[in-house]
Amino acid sequence: MNQVSLSDVYWFQEGPGVRNWQFKESGIKLLNVANITKQGKIDLNKTDRHLSTEEVDSKYQHFLIDEGDLVIASSGITNDEDNLLRTKIAFIEKQHLPLCLNTSTIRFKAKDGVSDLKFLKHWLNSLEFRQQITKEVTGIAQKNFGPSHLKKIKISLPPLTEQRRIASILDQADELRQKRQQAIEKLDQLLQATFIDMFGDPVSNPKGWDLRYVGEISESKLGKMLDKKKQSSEIDQYKYLRNANVQWFRFDLSDVFEMEFNEKDRKNCELKFGDVLVCEGGEPGRAAIWKNDLENCFFQKALHRVRLDMTQILPEYFVWLFWFYSKNGGFDDHITVATIAHLTGVKMKAMQIPIPPLSLQEDFQQKVNEIEVLKTTLENSSKLFESLFSSLQNQAFNGTL
0 MNQVSLSDVY WFQEGPGVRN WQFKESGIKL LNVANITKQG KIDLNKTDRH
50 LSTEEVDSKY QHFLIDEGDL VIASSGITND EDNLLRTKIA FIEKQHLPLC
100 LNTSTIRFKA KDGVSDLKFL KHWLNSLEFR QQITKEVTGI AQKNFGPSHL
150 KKIKISLPPL TEQRRIASIL DQADELRQKR QQAIEKLDQL LQATFIDMFG
200 DPVSNPKGWD LRYVGEISES KLGKMLDKKK QSSEIDQYKY LRNANVQWFR
250 FDLSDVFEME FNEKDRKNCE LKFGDVLVCE GGEPGRAAIW KNDLENCFFQ
300 KALHRVRLDM TQILPEYFVW LFWFYSKNGG FDDHITVATI AHLTGVKMKA
350 MQIPIPPLSL QEDFQQKVNE IEVLKTTLEN SSKLFESLFS SLQNQAFNGT
400 L
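Once you know that position 208 of the sequence shown is 207 in numbering that gives the first Met the number 0, the rest is easy, because the numbers rise by one and skip nothing.
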């Protein structure tokens with residue numbers, strides 16, 4: 000299949016550079032990079048920047064977006080696991096209008112009788128595009144691109160009827176993929192609703208559960224301080240968890256660092272099944288339960304290891320309690336803010352938290368475990384479907400679909 004210049008078969012335009020002093024609280028909404036989600040949707044609630052109607056009428060009429068335009072983010076984007084850039088893409092719907100392009104957002108229109116925007120949406124996620132655009136921005140510290148880069152891009156464009164056939168197949172496959180992800184999200188929402196139903200809002204404690212200090216119902220400590228100057232041996236190198244490895248309810252072990260832990264360090268920083276790791280900084284309070292996910296793994300000073308008295312409080316309840324605190328202001332009186340927010344050991348131990356009956360916590364623990372099994376099944380299915388979808392995309396754009 001012959002390649003042609005992207006600019007020969009699609010029209011595209013980047014938004015104007017708008018200054019801070021031009022922003023208004025009302026008027027015509029400006030499309031921002033943050034408004035284009037990774038899920039391929041437009042979420043205008045994420046920003047609140049407008050231009051006055053008068054200014055748009057006089058200066059920016061030609062940047063007003065039309066229903067059906069395809070928009071992408073051209074900055075604030077990152078490399079995927081394959082080390083290639085992946086942008087964010089979405090269609091504009093009638094409900095989003097009126098809407099004005101902004102800098103770092105680009106809109107596309109198809110050329111009548113030549114090209115199809117639904118085909119382009121999928122092609123922008125293809126290896127053919129991502130390899131070219133990654134090469135164009137190589138060496139740029141801030142990953143961004145513009146029309147000048149896009150004009151250098153080539154696209155393998157089949158006849159219009161074939162574009163539409165490919166787009167239809169990929170749309171159907173993408174819909175199935177998104178439904179699996181939505182099912183996983185609904186399970187998370189189910190757990191949130193279950194927690195509130197069983198325990199009430201932990202911040203206001205409407206059910207009047209007894210309050211106990213965290214320091215009374217647990218032992219907690221920070222891990223080993225990272226000091227490269229003191230690394231003296233290659234023999235005692237062990238994996239350790241840092242802030243980035245601890246996500247809500249799970250561990251990201253895709254990139255685990257190593258440092259020296261002597262015998263005393265290993266004893267002080269050991270991890271046992273059921274320990275809760277809590278982030279001290281970054282997103283203070285973010286927590287997950289350790290379930291021996293990795294052998295001979297320890298933890299760094301950026302994390303609290305909380306070892307609960309399980310005759311009083313269970314880790315599933317504790318972690319979900321912290322999640323609700325994080326989302327609803329429960330940490331506000333306990334986080335120290337200088338230049339960076341921190342949940343210090345002293346502050347965390349002094350927190351008073353509601354302690355429901357253990358039998359009720361055990362019921363919640365069982366529900367969490369049951370839903371986690373379902374989530375794991377769905378996530379494994381979703382990974383398989385992602386792989387199949389990627390294979391389908393490759394076939395679509397190399398002419399074998």
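None of these hints come from the bench; they were simulated from the model.
For clarity, every value in this text was computed on a predicted model and none was experimentally measured.
Glycine included, every Cβ here is placed at the ideal spot set by N, Cα and C.
It is possible that part of the hints are untrue.
Stated by the list, open to error - Each pair of labels, with its calculated beta carbon distance range:
{"hint": "1", "residue 1": "Gly145", "residue 2": "Leu357", "range": "58 to 64 Å"}
{"hint": "2", "residue 1": "Glu378", "residue 2": "Ala349", "range": "34 to 40 Å"}
{"hint": "3", "residue 1": "Leu387", "residue 2": "Lys185", "range": "20 to 26 Å"}
{"hint": "4", "residue 1": "Phe22", "residue 2": "Glu378", "range": "36 to 42 Å"}
{"hint": "5", "residue 1": "Phe90", "residue 2": "Leu252", "range": "35 to 41 Å"}
{"hint": "6", "residue 1": "Lys206", "residue 2": "Lys185", "range": "53 to 59 Å"}
{"hint": "7", "residue 1": "Ala340", "residue 2": "Lys178", "range": "44 to 50 Å"}
{"hint": "8", "residue 1": "Pro205", "residue 2": "Lys290", "range": "27 to 33 Å"}
{"hint": "9", "residue 1": "Gln180", "residue 2": "Glu66", "range": "22 to 28 Å"}
{"hint": "10", "residue 1": "Glu282", "residue 2": "Met309", "range": "23 to 29 Å"}
{"hint": "11", "residue 1": "Ser203", "residue 2": "Lys153", "range": "44 to 50 Å"}
{"hint": "12", "residue 1": "Ala192", "residue 2": "Asn291", "range": "27 to 33 Å"}
Stated by the list, open to error - Computed list of lysine to aspartate or glutamate pairs in DMTMM-like fashion (alpha-carbon distance at most 25 Å, straight line):
{"hint": "13", "residue 1": "Lys238", "residue 2": "Glu269"}
{"hint": "14", "residue 1": "Lys120", "residue 2": "Glu54"}
{"hint": "15", "residue 1": "Lys271", "residue 2": "Glu371"}
{"hint": "16", "residue 1": "Lys290", "residue 2": "Glu218"}
{"hint": "17", "residue 1": "Lys348", "residue 2": "Asp200"}
{"hint": "18", "residue 1": "Lys40", "residue 2": "Glu378"}
{"hint": "19", "residue 1": "Lys271", "residue 2": "Glu161"}
{"hint": "20", "residue 1": "Lys40", "residue 2": "Asp187"}
{"hint": "21", "residue 1": "Lys185", "residue 2": "Glu24"}
{"hint": "22", "residue 1": "Lys206", "residue 2": "Glu13"}
{"hint": "23", "residue 1": "Lys108", "residue 2": "Glu80"}
{"hint": "24", "residue 1": "Lys290", "residue 2": "Glu259"}
{"hint": "25", "residue 1": "Lys45", "residue 2": "Asp79"}
{"hint": "26", "residue 1": "Lys28", "residue 2": "Asp56"}
{"hint": "27", "residue 1": "Lys382", "residue 2": "Glu127"}
{"hint": "28", "residue 1": "Lys28", "residue 2": "Glu54"}
{"hint": "29", "residue 1": "Lys58", "residue 2": "Glu92"}
{"hint": "30", "residue 1": "Lys366", "residue 2": "Glu269"}
{"hint": "31", "residue 1": "Lys108", "residue 2": "Glu161"}
{"hint": "32", "residue 1": "Lys40", "residue 2": "Asp362"}
{"hint": "33", "residue 1": "Lys108", "residue 2": "Asp42"}
{"hint": "34", "residue 1": "Lys142", "residue 2": "Asp254"}
{"hint": "35", "residue 1": "Lys206", "residue 2": "Asp331"}
Cross-check of the supplied hints:
1. Gly145 / Leu357: 58 to 64 Å: About 59 Å separates the Cβ atoms of glycine 145 and leucine 357, which means 58 to 64 Å holds.
2. Glu378 / Ala349: 34 to 40 Å: Since glutamate 378 and alanine 349 have Cβ atoms about 37 Å apart, the given range 34 to 40 Å holds.
3. Leu387 / Lys185: 20 to 26 Å: Taking Cβ atoms as reference, leucine 387 and lysine 185 lie about 22 Å apart, which means the hint holds.
4. Phe22 / Glu378: 36 to 42 Å: holds, 41 Å
5. Phe90 / Leu252: 35 to 41 Å: holds, 36 Å
6. Lys206 / Lys185: 53 to 59 Å: violated, 26 Å
7. Ala340 / Lys178: 44 to 50 Å: Given about 37 Å between the Cβ atoms, the range is violated.
8. Pro205 / Lys290: 27 to 33 Å: holds, 32 Å
9. Gln180 / Glu66: 22 to 28 Å: holds, 26 Å
10. Glu282 / Met309: 23 to 29 Å: holds, 26 Å
11. Ser203 / Lys153: 44 to 50 Å: violated, 59 Å
12. Ala192 / Asn291: 27 to 33 Å: Cβ of alanine 192 to Cβ of asparagine 291: about 30 Å, so the range 27 to 33 Å holds.
13. Lys238 / Glu269: Judged against 25 Å, a Cα distance of about 11 Å means the pair holds.
14. Lys120 / Glu54: Judged against 25 Å, a Cα distance of about 31 Å means the pair is violated.
15. Lys271 / Glu371: holds, 20 Å
16. Lys290 / Glu218: holds, 18 Å
17. Lys348 / Asp200: holds, 21 Å
18. Lys40 / Glu378: Roughly 22 Å between the alpha carbons, so the hint for lysine 40 and glutamate 378 holds.
19. Lys271 / Glu161: Roughly 57 Å between the alpha carbons, so the hint for lysine 271 and glutamate 161 is violated.
20. Lys40 / Asp187: Distance of about 20 Å is within 25 Å: holds.
21. Lys185 / Glu24: violated, 34 Å
22. Lys206 / Glu13: violated, 54 Å
23. Lys108 / Glu80: violated, 30 Å
24. Lys290 / Glu259: holds, 23 Å
25. Lys45 / Asp79: holds, 23 Å
26. Lys28 / Asp56: holds, 13 Å
27. Lys382 / Glu127: holds, 22 Å
28. Lys28 / Glu54: With a Cα-Cα distance of about 12 Å, the restraint between lysine 28 and glutamate 54 holds, given a limit of 25 Å.
29. Lys58 / Glu92: It holds: about 24 Å lies between the C-alpha atoms, which stays within 25 Å.
30. Lys366 / Glu269: Violated, at roughly 29 Å.
31. Lys108 / Glu161: Roughly 18 Å between the alpha carbons, so the hint for lysine 108 and glutamate 161 holds.
32. Lys40 / Asp362: Outside the cut-off at roughly 37 Å; violated.
33. Lys108 / Asp42: Cα-Cα ~21 Å, so holds.
34. Lys142 / Asp254: Measuring from Cα to Cα gives roughly 22 Å; hence the hint holds.
35. Lys206 / Asp331: holds, 21 Å
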